[in-house]
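J.: Sequence:
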Amino acid sequence: MIPLRATLRPGYEDLDVNDNQPKKWLLLEVVRSSLKCICLLARLVLRYGQRLASHEDEATTSGVTDGAPCDQQNRVIFMNSQQPIKFVSNRISTAKYSVPSFIPLFLFEQFRRYSNCFFLLIALLQQIPDVSPTGRWTTLTPLILILSVSAIKEIVEDFKRHRADDETNRRKVEVLREGRWERIRWERLQVGDICKVINNQFFPADLILLASSAPQGMSFIETSNLDGETNLKVRQAQAETARLDTAAELAAYRATVQCEPPNRHLYEFNGSLKPTNTKAIPLGLEQMLLRGAMLRNTSWVHALVVYTGHETKLMKNSTKAPLKRSSIDRQTNTHILMLFIILLALSLLSAIFNELWMRSHNDWYIGLEEAQNAHFGFNFLTFLILYNNLIPISLQVTAEIVRFFQVSISITT
1 MIPLRATLRP
11 GYEDLDVNDN
21 QPKKWLLLEV
31 VRSSLKCICL
41 LARLVLRYGQ
51 RLASHEDEAT
61 TSGVTDGAPC
71 DQQNRVIFMN
81 SQQPIKFVSN
91 RISTAKYSVP
101 SFIPLFLFEQ
111 FRRYSNCFFL
121 LIALLQQIPD
131 VSPTGRWTTL
141 TPLILILSVS
151 AIKEIVEDFK
161 RHRADDETNR
171 RKVEVLREGR
181 WERIRWERLQ
191 VGDICKVINN
201 QFFPADLILL
211 ASSAPQGMSF
221 IETSNLDGET
231 NLKVRQAQAE
241 TARLDTAAEL
251 AAYRATVQCE
261 PPNRHLYEFN
271 GSLKPTNTKA
281 IPLGLEQMLL
291 RGAMLRNTSW
301 VHALVVYTGH
311 ETKLMKNSTK
321 APLKRSSIDR
331 QTNTHILMLF
341 IILLALSLLS
351 AIFNELWMRS
361 HNDWYIGLEE
371 AQNAHFGFNF
381 LTFLILYNNL
391 IPISLQVTAE
401 IVRFFQVSIS
411 ITT
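With the numbering used here applied, the sequence shown corresponds to residues 1 to 413, in that order.
Some hints could be false.
[To be verified] Label pairs and their calculated CB-CB ranges:
| hint | residue 1 | residue 2 | range |
| --- | --- | --- | --- |
| 1 | TYR267 | GLU157 | 26 to 36 Å |
| 2 | GLN406 | MET358 | 46 to 56 Å |
| 3 | GLN82 | GLN331 | 30 to 40 Å |
| 4 | HIS375 | GLN331 | 31 to 41 Å |
| 5 | SER148 | ARG403 | 15 to 25 Å |
| 6 | GLU157 | GLN331 | 17 to 27 Å |
| 7 | LEU124 | GLU229 | 53 to 63 Å |
| 8 | GLU229 | ASN80 | 30 to 40 Å |
[To be verified] Pairs of lysine to aspartate or glutamate, EDC-like flavour, derived with a Cα cap of 16 Å:
| hint | residue 1 | residue 2 |
| --- | --- | --- |
| 9 | LYS233 | GLU286 |
| 10 | LYS274 | GLU240 |
| 11 | LYS196 | GLU174 |
| 12 | LYS172 | GLU182 |
These are computed hints drawn from the structure, not numbers from a lab. A virtual CB, placed ideally from N, CA and C, is assigned to each residue, including glycine.
All chains should be modelled from the sequences, with the hints used to inform the complete structure.
T.: Structure (C-alpha cells):
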C-alpha cells in the first residue's frame, strides 16, 4: 500500500497526515479545483453570450432569417407565378432576447459588471467553512435578489418588445389570391405577392407601385417614420401597369421584375419590369413604396412585394436592441476595479501582519497552537471576506433605482 505522504503534492510534504485535525492540504485542493471550475464556467458563459450577441447582430444587419439565402446578385421576381427560391419571411423581431438565449445573454450582460463578479467570488468563498468567518448566505442571498430583480426588469421590457412585434406582424393587408382579394397577416406576406393598400394605412413591406386610384397611377406617401420629413412625397406608377386597376387584370398580367439586392439606401432603387413579349421598363425611386411609410390622399394602390421582413430598407437601417453599457456603468466598473485592488492590498497586509503576530506570541496560556497551524492562504481569504464591504453590494441596485426615478420624472415633465 502506498503511503499517503508519498501521494502529497509538492509543498505539502511537511504536513502531518496522521493528525486528527482537518487535513488542510485536502481543503486547499478542493478550493483550488473549485476556483478552476468556476473560472471555466464563467468563461464558457461569457463566450456563449458573446457568440449569441454577435450572431443576432449579424442576422439583424444581414437580414437573413428563417434559413433563407441572402441574394447578393440582382433579385428576379415573377409576377403571378411561384418564386424559384425562398425569400425571408415578412415577420420581424426587435426583441433583445428569445426563450433559449435569455439565460446566457442575461448572465453575460450582468457579469460584465465587475461588482457582480466580485460578489459571486465572495459568495463562493463563504461556502468554505474553514475560510469564511460569516454565514454562507450573507452575500449569496442579496446577490440572488439583485439578479432576480434585474431579470424581472429585463423580462418585462423585452415582453413589451415582443408584444409590439406581434401587433405589427398581425396587422392585416389585402393580397391577390387566385383572382380575388384576401386579407392576411403581414407576417404571411411573401415576395412576389400583389397587395392592395388603403388610404392612411402603412405599407407592410417594400413594394413597387403598379396602379392607384388616382389618374396616371399617382399616389402620395408620408415618410416621417423613415426620415422624419412630414411633407408628402409623390409616387407614380409606370404607364404600362397604371391601367391594372381590377383584380382580374392583375391576375392575368405576367411580367418579370429584376431589381438590386436588399440594401439600406432609402433614396436609391434600380430595377426593371419586363412584361411577356415586351421590352423592359425601367423602375426607380418614383415607383418605390417603403415599409414604414403611409399612404396619404389616395384611395388605394396596387403594389408588388419586392423586399420583406429584415430585408426591407426600414429594418436594414434598424439595429437590434443592443447589450449596451452606459458611461456610468463603465465608470463604476473602473472604480470597482480600483477598490478591488485596494481590498487585495489590505487583505494581503492583514494576512502578513497576522502571520508575524502569531510567530511572535508563543505563550502557551493564550491557546494559539491550533490557530498557528492555519495556512497563510486561508488567512488571506478570510480577510478578503471580512473587508468585502469596502465594495457595497447595493451599489448597482441604488444606481438602477435612481435611473428609474430620473426616467419617470423626465417623462412626466
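J.: Checking each numbered hint in turn, tell me which of them this model violates, lowest number first.
T.: Hint check: 3 fails alone, others pass.
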